[in-house]
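**Student:** Work out the full structure: start from the sequences and follow the hints.
So the sequences go chain by chain: A and B.
Residue 32 in our numbering is what sits at position 32 of the first sequence, and the numbering runs on without skipping anything.
Residue 242 in our numbering is what sits at position 150 of the second sequence, and the numbering runs on without skipping anything.
Because the hints were derived from the structure by calculation, they are not lab data.
Heads up, some of the hints might be wrong.
What the hints assert, rightly or not - List of simulated lysine-lysine pairs, DSS-like, C-alpha gap at most 30 Å:
hint	chain 1	residue 1	chain 2	residue 2
1	B	Lys240	B	Lys493
2	A	Lys90	B	Lys120
3	B	Lys380	B	Lys507
4	B	Lys383	A	Lys90
5	B	Lys120	A	Lys91
6	B	Lys383	B	Lys120
7	B	Lys543	B	Lys380
8	B	Lys543	A	Lys91
9	B	Lys432	B	Lys120
10	B	Lys380	A	Lys90
11	A	Lys87	B	Lys426
12	B	Lys240	A	Lys91
13	B	Lys120	A	Lys87
14	B	Lys432	B	Lys543
15	B	Lys380	B	Lys493
16	A	Lys90	B	Lys493
17	A	Lys91	B	Lys380
18	A	Lys91	B	Lys551
19	B	Lys493	A	Lys87
20	B	Lys426	B	Lys507
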Amino acid sequence: MTDYWSMLFVFVLATFIGLGVIRRVSRLLYTPLMSLTNAISAIAVVGSLVVVGEDHPLPIRILGAIALFASMTNIVSGFLITDRMLKMFKKQ
Amino acid sequence: MTQAIAQLAAILTAALFIFALNYMNDPKTARHGVTAGVLGMAVAILATWAQPGIVHHVWILGAIAAGFLVGVPLSLVPLTAVPQRTALSHAFGGLAAGLVGVAEYYLWLREPAQFTPFRTAALVVEVILGFLTFTGSLMAAGKLQEIKWIPQRPVTYPGQNFVNLGVLGAAGVLGVLLVLHPTAPSAPTIFPIIAGLALLFGVFLIIPIGGADMPTVISILNSYAGLSAVAMGFVLNSSLLVVAGALDGSSGLILSIIMCRAMNRSFANVLFGAFGTVQKVAATGEQKVWKQETVEGAAQLLEQARLVVIIPGYGMAVAQAQHKVRELYDALTKRDITVKFAIHPVAGRMPGHMNVLLAEANIPYTALAEMDEVNPEMPQCDVALVIGANDVVNPAARYAKGSPIYGMPIIDADKAKTVLAIKRSKNPGFAGIDNELYVQDNTWMLFGDAKTVIGDLVKQFAAGGLH
Chain A
1 MTDYWSMLFV FVLATFIGLG VIRRVSRLLY TPLMSLTNAI SAIAVVGSLV
51 VVGEDHPLPI RILGAIALFA SMTNIVSGFL ITDRMLKMFK KQ
Chain B
93 MTQAIAQLAA ILTAALFIFA LNYMNDPKTA RHGVTAGVLG MAVAILATWA
143 QPGIVHHVWI LGAIAAGFLV GVPLSLVPLT AVPQRTALSH AFGGLAAGLV
193 GVAEYYLWLR EPAQFTPFRT AALVVEVILG FLTFTGSLMA AGKLQEIKWI
243 PQRPVTYPGQ NFVNLGVLGA AGVLGVLLVL HPTAPSAPTI FPIIAGLALL
293 FGVFLIIPIG GADMPTVISI LNSYAGLSAV AMGFVLNSSL LVVAGALDGS
343 SGLILSIIMC RAMNRSFANV LFGAFGTVQK VAATGEQKVW KQETVEGAAQ
393 LLEQARLVVI IPGYGMAVAQ AQHKVRELYD ALTKRDITVK FAIHPVAGRM
443 PGHMNVLLAE ANIPYTALAE MDEVNPEMPQ CDVALVIGAN DVVNPAARYA
493 KGSPIYGMPI IDADKAKTVL AIKRSKNPGF AGIDNELYVQ DNTWMLFGDA
543 KTVIGDLVKQ FAAGGLH
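**Tutor:** This is how it looks when you write it as structure tokens:
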């Protein structure tokens with residue numbers, strides 16, 4: 001039971017860190033910010049990895065494989081397009 | 093031992109993600125953010141993959157390869173298509189969360205001890221949020237991409253909010269039932285119904301949303317995608333997922349609040365208010381008409397100016413005019429005219445859309461100004477050049493109580509000494525009547541495709557024969 005409390009604790013603290021950090025993000029960069037946070041939240045990939053990688057029945061692994069594909073797509077396209085956009089912001 | 097390594101890796105990844113976002117506070121350091129993010133992700137994936145329980149390596153490799161195959165082309169879309177790519181990636185995030193939730197549910201059925209109330213509740217939230225984000229974001233992406241069979245205009249019908257909330261409410265009630273009796277004989281029937289209702293709700297949620305609301309809706313979906321990752325973290329007992337999801341969720345939340353404030357509307361009003369349905373304001377007595385200006389005349393006005401403020405809107409993106417705008421910017425700055433770009437927070441179809449398009453065209457980011465910075469300077473502005481923007485410069489927002497945009501903060505284009513507005517069609521349509529800026533005494537209209545009109549302006553300057 002204590003486990004769940006500490007998880008909620010982590011959630012609340014991480015949200016405050018998130019709000020603090022995001023509030024300071026340059027207003028110019030909201031579009032790349034969104035693609036970056038998108039790639040970051042694709043950390044759900046570790047969940048899919050476990051579902052597809054462990055020795056579960058076939059239908060479960062298929063669900064896991066689709067989820068892994070979806071997360072991986074977000075990681076790859078998210079980081080690449082963020083970098084592509086950020087490269088364009090120049091001072092002069 | 094591997095367990096300890098996995099925990100250390102998770103802490104390292106969480107720290108790297110926070111650094112990644114921190115680097116985004118300045119365009120100069122922002123690219124380090126990508127490096128930190130990629131590093132964190134690689135650490136997390138490798139540490140998980142190395143766990144002894146993972147045996148189906150070929151499956152993993154296959155799914156990762158497929159992810160690259162789709163992900164790389166998706167990262168190369170034209171920047172005008174970035175809003176729909178973003179919506180699509182929210183859909184993928186929601187789908188992943190939903191599917192993992194379904195998989196976990198069926199795994200738990202085989203060892204019912206897993207169904208503690210807390211974890212079951214987290215599972216229900218994960219599945220509902222994941223699947224509604226999936227279909228909702230797909231709908232949003234479809235609307236943004238202007239796919240034929242998805243209506244662009246907001247679709248509303250009487251009792252719509254009742255139906256929508258009813259669907260969500262039903263999913264919620266069934267969810268509570270499942271938490272109370274996770275192993276009841278009916279539970280395996282209830283679970284797919286919850287998933288189905290969530291999928292349906294996502295579609296219903298986006299049907300009444302119009303284009304002007306997209307920046308807010310995309311931000312809200314961003315937040316949901318993050319929260320579904322948090323719920324997955326609770327289900328899988330992973331603090332890393334909770335942290336990363338919370339970062340994404342709070343980012344979406346802050347952007348949603350900024351977008352809502354920039355339209356003077358509440359979340360509820362965006363989601364349930366169907367902004368796009370045009371509430372006609374009673375026509376005022378006198379019908380003013382717009383005055384048209386020639387390209388030569390406009391070029392002359394611009395050349396005599398000292399401060400020019402360019403106000404871009406979605407029309408600039410549609411016309412792909414940003415590169416021509418850059419040429420105009422060059423021509424003007426070469427003549428020692430100060431040029432600023434006034435960016436309204438909700439201009440375009442997602443937060444920051446205009447900034448990215450202008451940066452793509454190599455306009456230095458120091459020339460891009462926020463609404464609040466530029467408004468005090470508008471009375472000194474000689475020419476305000478409006479390119480495909482409409483609501484964000486409509487003075488009716490200040491006083492027309494019946495107007496859907498009443499109370500929305502606007503860029504004070506009307507206070508400039510002269511206004512030049514580029515508009516696609518001569519058709520008075522809604523905009524011609526509704527936007528008083530266009531019929532103001534000091535406003536001149538330039539009709540035509542933004543790219544062509546600005547191209548012609550640039551040619552006028554190049555010819556130099558203005559004297």
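**Student:** Against this structure, judge whether each hint is valid.
**Tutor:** Hints, verified against the model:
At most 30 Å may separate the alpha-carbon atoms for a hinted pair to count; Lys240 (chain B) and Lys493 (chain B) exceed this at roughly 35 Å. Our distance criterion of 30 Å between C-alpha atoms is met by Lys90 (chain A) and Lys120 (chain B), whose separation comes to about 8 Å. A hinted pair counts as satisfied when its Cα atoms are at most 30 Å apart, and Lys380 (chain B) with Lys507 (chain B) qualifies at roughly 19 Å. At most 30 Å may separate the alpha-carbon atoms for a hinted pair to count; Lys383 (chain B) and Lys90 (chain A) exceed this at roughly 38 Å.
Only pairs whose Cα atoms come within 30 Å are accepted, and Lys120 (chain B) paired with Lys91 (chain A) is accepted, the gap being roughly 9 Å. Simply put, Lys383 (chain B) and Lys120 (chain B) have alpha-carbon atoms about 44 Å apart, too far for the 30 Å limit, and the pair is violated. A distance of roughly 28 Å separates the Cα atoms of Lys543 (chain B) and Lys380 (chain B); the hinted pair therefore holds under the 30 Å criterion. Taking the CA atoms of Lys543 (chain B) and Lys91 (chain A), the gap is near 25 Å; set against the 30 Å cutoff, the hint holds.
Annotation: proposed proximity of Lys432 (chain B) to Lys120 (chain B) holds, straight-line Cα distance about 20 Å (limit 30 Å). A threshold of 30 Å between alpha carbons decides the hint, and for Lys380 (chain B) with Lys90 (chain A) the separation of about 43 Å lies outside it, so the pair is violated. Taking the CA atoms of Lys87 (chain A) and Lys426 (chain B), the gap is near 25 Å; set against the 30 Å cutoff, the hint holds. Using a Cα cut-off of 30 Å, the hinted pair Lys240 (chain B) and Lys91 (chain A) is violated, with the two alpha carbons roughly 40 Å apart.
A C-alpha spacing of about 10 Å is found between Lys120 (chain B) and Lys87 (chain A), which places the hinted pair at or below 30 Å, so the restraint holds. Proximity of Lys432 (chain B) to Lys543 (chain B) is assessed by CA-CA distance (about 19 Å); at most 30 Å being required, the pair is judged to hold. Restraint check for Lys380 (chain B) and Lys493 (chain B): satisfied, since their Cα atoms lie roughly 20 Å apart, inside the 30 Å limit. Under the criterion of a C-alpha separation no larger than 30 Å, the hint pairing Lys90 (chain A) with Lys493 (chain B) is inconsistent with the structure, at around 42 Å.
This hinted pair does not check out: Lys91 (chain A) and Lys380 (chain B) have alpha carbons roughly 43 Å apart, beyond 30 Å. For the hint pairing Lys91 (chain A) with Lys551 (chain B), the CA-to-CA distance comes to about 26 Å; that is within 30 Å, so the pair holds. At most 30 Å may separate the alpha-carbon atoms for a hinted pair to count; Lys493 (chain B) and Lys87 (chain A) exceed this at roughly 43 Å. Between Lys426 (chain B) and Lys507 (chain B) the alpha-carbon distance is near 26 Å, which keeps this suggested pair within the 30 Å criterion.
Comparing the model with each numbered hint stated earlier shows that hints 1, 4, 6, 10, 12, 16, 17, 19 do not hold.
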